[in-house]
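Sequential numbering of the sequence shown, starting at 414, is according to the working numbering.
None of these hints come from the bench; they were simulated from the model. For clarity, every value in this text was computed on a predicted model and none was experimentally measured. No residue lacks a Cβ here, since even glycine has one placed at the ideal position from N, Cα and C. Take these hints with a grain of salt, some might be off.
[To be verified] Per label pair, the in silico range of CB-to-CB distance:
1. G532 with V434: 24 to 32 Å
2. A553 with E524: 28 to 36 Å
3. S527 with S469: 21 to 29 Å
4. R467 with P525: 32 to 40 Å
5. V523 with S469: 33 to 41 Å
6. D515 with E426: 32 to 40 Å
7. P525 with I559: 23 to 31 Å
8. Y484 with L528: 17 to 25 Å
9. R482 with A553: 17 to 25 Å
10. E524 with S497: 21 to 29 Å
11. H487 with S527: 17 to 25 Å
12. S527 with I486: 17 to 25 Å
13. V523 with A422: 36 to 44 Å
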Amino acid sequence: MSATIDFSASSVEVARRLIGVIVLVDGVGGRIVETGAYDRDDPASHSFAGPTERNSAMFGAPGHAYVYRSYGIHWCLNFVCRESGHGAGVLLRALEPLQRIDLMRERRGVEPLSLLCAGPGRLGQALGITRVHNGMALDAPPFSLILSEGVAAEVLCGPRVGISKA
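Using the sequences and the accompanying hints, generate a full structural model.
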């Protein structure tokens with residue numbers, strides 16, 4: 414069944430609800446196992462300094478993709494949250510690969526399954542994310558979000574990874 418996620422909720426709430434959801438991009442993807450929440454009041458957020466050409470999708474409608482390039486190398490996938498104009502999102506940090514693992518391995522190079530989608534850059538590369546996906550609706554192709562049956566309800570929260578500003 415397609416996932417019904419209320420992307421107008423806070424980024425923290427959306428980040429929790431996304432754990433266990435299956436995300437597919439053109440049929441390639443897996444179960445979301447790690448996320449990061451960002452809001453405009455967060456110094457580590459791309460929206461902290463306000464809208465720019467680069468981050469404009471983050472200020473767009475909830476339920477859309479915000480894609481950016483990290484260190485000029487890695488395409489990272491975020492889901493826009495809250496109301497239009499707010500500037501909040503959830504970074505997909507890791508997936509459990511489930512579908513089209515062969516294509517993920519081809520895109521990433523042959524790696525152990527545990528490393529295919531471990532980290533936002535690897536995840537973006539495995540899914541084939543590029544700037545073309547920036548601003549696209551998450552409820553229409555090439556994206557598909559699917560609720561997962563039988564996923565543990567307990568979600569653990571911990572300190573953010575790789576953040577020195579907050």
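Hint by hint, which ones does this structure get wrong, listed from lowest number up? Checked against the structure, the hints that fail are numbers 1, 3 and 10, while the rest are satisfied.
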